[in-house]
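> Each chain is listed here by its residues.
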Amino acid sequence: MSGTDDGYLSWSQPVLGDTVYFGGRTLTTFNESGAGPLSWTPQGPGVIVIPMHDGTGKIQLAYRGEKAPRIPGAEAFTLSFYGDSEDDYLWVETLKATGRAVDYCPGVPAVEVFSAQAGASYSLSRPLAAGIVPGVDETTNPTRFVLDGVLDPAAGSVSGQVLAAAESGELAVWYYPVYRVIVQAPTRTVDEPNNLVVSVTLLEVVSGDFNNPTGFGGGGGGGGGPTS
Amino acid sequence: MAVARITAPGSSSIIGAGVVAGLSAVENADAPTATSAVDDSVTIAAFPPPGVPVTVGFEVWVGGVLVPLSRMRGGVTVSRSLDRALQEWQFAVSVDDGRGFFGSPFDALGPAMGNAPITIYGIYLTPSGVHRYPLITNGVADSSHRYADPTSSTDGYAEEFSGTCGMGRFDRQVVTYVSPAGAGYSRDYHIARMFSLIGDSSTALEGMHRVDRELQFVDADPVTSSQALADVEHRKILRNRYDQLVNPRLGARFGYNVIAGFAEGDMVGAIKVEVTHPGDVITDVTLVGSQQLTKPAVAAGGGSGRTSATTEVEVDGPYEVQRAAYSQSSACTLTSLGGSSGVAPVIPRLLTITTVEQDSGVVVSQRIQVWSYRWVQGPRYTYNATGDRLCLPGVYLDSTATESGSEPGYAEPFERWRLVSDTLTRNFYDKQGLDGPVADPGAGEPWGWGLTATPVPPGGTATGYKLGSVTDVQQFYAVKRALKARDGVSGPWDGIDAIEDVLVNGAGEGLAGDGIEDLRLTQRTVQVDTADGIGKLQSSTVYHLGFDRPPGDLFWYTSTFGSSLAAEIFRVVETDLTSYASLTAGQSAVTTVKVDANGNQIGDATTTIAVGDRPDVDRIQSTTPATPGAATADPSQNQPIKVRVTATGLLLTHQNHIVKTTLDYPENVDELVDVALAMIEEGAAAMAVIPIAANFQLAEGDWIHVRYLPLEMDQDMQIRTITHQRDDYGAQCLTTLLCSIYPSIAGTGAGETPDDGN
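For the protein sequence lines, the chains are V and F, in the order given.
With our numbering applied, the first sequence covers 1 to 228.
With our numbering applied, the second sequence covers 1 to 758.
If we strip away everything but chain V, and leave its shape as in the complex, we get:
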C-alpha cells in the first residue's frame, strides 16, 4: 500500500502507509509483503429510523452529551497479516492479553460532524494522530474543517481531542486519528509450512469526553499499551 505519489490512492495526504502504529510501537509487518486484507465498518447505534403508521419515518440520533459529534459511532477493523516478524507477532498477542484499549493508527482518516456554536468546545471521538504517532503532524496530515458544506480553515481548531469551534453551523471535521481499540478474536492459521497468518478484529472504544463533569470517572479511556 502506498501514499500520495506511488500508489493507487492519490490523496492529498498520506494514508494507509507502510507502517502501522499499534499500542505504542510502529510495526513493519503490515508492509506490502506482510499485510493481508484490511476492512473497517461502523459499529453500534448510528442513525435510528422509526417507521411510522403512515409509512414515513422519523429520524433520531442518540444524545451522547453536549460535546459529542452527531454520530460518534465506533469502528470495527478486521485485518490479517503474515507472522513473519516474531516481535510484531508477539506484540499483537501482548496487546490482546492486556484487555485494555490501545492506540491503533492504520492511516485511515475520520470524519465527524458537530452542531457547532461559535466559542464552544466539543470532543472528537478519538484523538489526533499528530503528537502520538511518530512522523505524523499537522503538516503531513492537516485537520480540515467544513462549515455548512464549505471548506473553511478558520471554522475551528483541534488540540488533542478537543475541538474549539470558531464559527456556528454544521461543522464537519476531517482528521487523521488514532483509534482506541480492543484486540479481539485473533485467529492464527498455518495452512502450509512457514505460512503463519494472523487475523484479528479490532473493536474501537470511543473515548470522547462528551459530557463528563470535572472530577468524575468514566469517559476518556484507553490509550497506550504495555511499554516495551
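In case anyone wonders, no lab produced these hints; they're calculated from the structure.
Note that the Cβ used here is the ideal one computed from N, Cα and C, for glycine as well.
Do not rely on the hints blindly, as some may be mistaken.
[As the list claims (entries may be wrong)] Derived DEER-like restraints, expressed as beta-carbon distance ranges:
hint, chain 1, residue 1, chain 2, residue 2, range
1, F, T736, V, A164, 35 to 43 Å
2, V, G46, F, G207, 49 to 57 Å
3, V, A164, F, R146, 34 to 42 Å
Chain V is already provided as a structure; the job is to place chain F on it using the hints.
Here is chain F on its own, set in the frame of chain V:
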C-alpha cells in the same frame, strides 16, 4: 388555541400533526449547566417532521451531580400518570469498579445513593444547544438491583435503580390536621397546609372550592387524605415534573385547552395504536352526603378585612356538683356539712369556645376558652411568731379530709361553673397593624423589636411574613412563697421557725397573698421567627415564661430548695434557640440550643437533618384570601343532602348500572351533582394508546387531539399516563400516551332528576 368544550366532540381545529400555538417549551431552570433559549428547533425536535434528524436522549442527576453518560446503561424509563400519586422511573449504570458509581448498597443499607434527589431530564440537542425537560424532579430511589453476567460481552456487571417522584418522600408520613367547622378555607388551602406540616412547601395548586365542614385528620396519610378531598372536584393530587404539588382536573366538563395534535404519521409503526370502549358504564348515580350549616361571620375590630368565627362545643352528661363535707375550726376540729347529695343529673360538664380571627388571609389570633366546674382551693394553715402551725377557721374540706391532715382546703363550700382555662395565641406579621408590641427588656421581655413590623417606607418595606406569636395560658393557680427564711441563721431546716403569718395549703406549701387560687396568667410562650428573602425560616427563638424561684440561700421553700426571693416571680425560665440551614440533596439542618433563665446552656446543642428544605414562613396573602371569610358553625349542626343523576342517553345502548353511595366530603348539592357527573363521565370514557416519537413537552393531564382515521379516531383526549422510554443505548426514544376520550355529558343525557327517595 381557544378552549374547546367537550359538548362538541371533534370540533377542534386541530386535525393534523404538529404543535399547537400556545404550547411553550419548558426549559429547565435548575440544570447546573447552561441551557439555550427556547426556539423553533425545540418544537421541531418534539414534533419532528419526517426525515428530519432529532438528537434525543436522557440525563440523570443524582444529588445534583450528573451521572456521566459513559457510566449509564442504555435503558431509561419514566412513567407519569394521573392515576398514581407516585410517579415512576428506572435507569441503570455499570458497576465498573467493584463498588458501583454511587457506592455500595451494603454501606447504604439500600440503594447506594440513599435518599439523594433524583432528577431525570429528557434531552433535545438542537442547533441552538441542549434543551432539558425535567421528567422527574427530586425523586427518590426505592430499590436497587445488581446483577452480574460475566459471560456476556455487553452486559457484564450492572446496577439498576428504580424509584418514585418526590411524593415518595411524603407518602409514608402521617399528619394531624384539624380545621374547625366554618373556617371557610378552600380545599387547596387545606391540602397545602397538610403538606406544609410535613415539610413540603412546593405547591402549585389550582384554586378549589370552599370547605365549611369540620375536617379532622388524625395521624393520617397526607396523600390519601388530600386525594379524598380532591376527589370531590374530580382532581388528582400528585407532584408534577418540577416536584410541585398539583391538582389537575380530569374530564372535559369544565373545558380544556388542546395543546398539540397528532395524526397517523406521528404514530410509531412498531407499536399498536389502540382504543378501548367500555361497555359496563354507570348510568344512574345516587349520592348521599351532609351539608354543614353556617352563619355569617361576625366582623371584628382590627381592620375592614378582619373576621371572627366562634365555635362552641358542649359536652353534657351526668355529673354531681361537689360540695364540702366539713368545715375546719381554729382548733382544727371538723364540723360536718353533709357533703354531696349523690345525685348526678345530666348537665353541661364541659364547654369549649374557640374563636378564630383572620385578617389578610391569615389567622391573627385563636382563643380557646374552657368552661367547667372548679372548686377553688385556698390556704388551710398558718404559722405564728413562735413557729407553731395553726388551723385557719372556716376552711371547707371534702369528704376525704382528716383533722390537721394534708388534704386541700377550699375557699368556698362547693364548686362552681366557671372559666377554668383561657388560652390566647396571637400571631404577628410584618405589616403595620398586624404586628406585635415592642418588648420591654426591663420587664423581663428580651425579644426587643422581634415582633414589630418593618417601618413604613422610607424606613423599609414590610414583607408580610410572620414575625412570631405570643401564646398566653391562664389557669387556676396560687402563687407560692417561701416557708422559712434563714436570714443569717444556719443549722438544720427543722431548727428554723416558719415565717410568721405565712399561709400554707394542705400539702404544706407556702402561699403568697391571700393564698386563694384564681385564674391568672401561668404560662407565656413567645416565638420570634426570622425569614429570609424567599420566605424560608432562618431562625426561631422561643421564650418560655412562667412562675419561677431564682435559686439562692435567703428564702427556703422546702428543706432542699433555697431562693433569693421570698415569692415566685413570672419571668423567662427557658429559651430555645433554633437555626435552620439548607443542605444539598433536599435536606436541611435544624440546630437547637436551650438556655436557662440565667443564660446558661442546658445540655448539648442538638442538630437534626430533616428531609426537605427549610420550612416556609407563613405570609399575609395580600390578594384575595383563600377563604372568603370564616363563618360561625357548629360541627354537629348539618343537614343531609342527596342527589340522583341519570344518564338517559347511555341507556339507549347500555344496561342500566346503578350506583348508590355515601360521600364524606362534598359540601353541598352542587358538589354532589358534580361528583355524580364525573362518575358517569369517567365510567363512559374510552381509552386510547398513542405511541409517538419521544415528546418531552407533553405531560400527564394535557389535552391533545388525535386523528387516526383507520380506527375512526378524530377526537380530543386527555393524557392520563405518559411513559418515556428507551430500552437500550442507541435504541428508539419513544413516548407512549394512554389517553381518556371523554363522552359529551350532554350526549350521555346525564342530568339531575328529582330525588325519588330511594
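> Hint by hint, say whether it matches the structure.
Against the structure, the hints:
| no. | hint | verdict |
| --- | --- | --- |
| 1 | T736/F with A164/V: 35 to 43 Å | 41 Å, holds |
| 2 | G46/V with G207/F: 49 to 57 Å | 51 Å, holds |
| 3 | A164/V with R146/F: 34 to 42 Å | 41 Å, holds |
When held up to the earlier numbered hints, the structure conflicts with none and fits them all.
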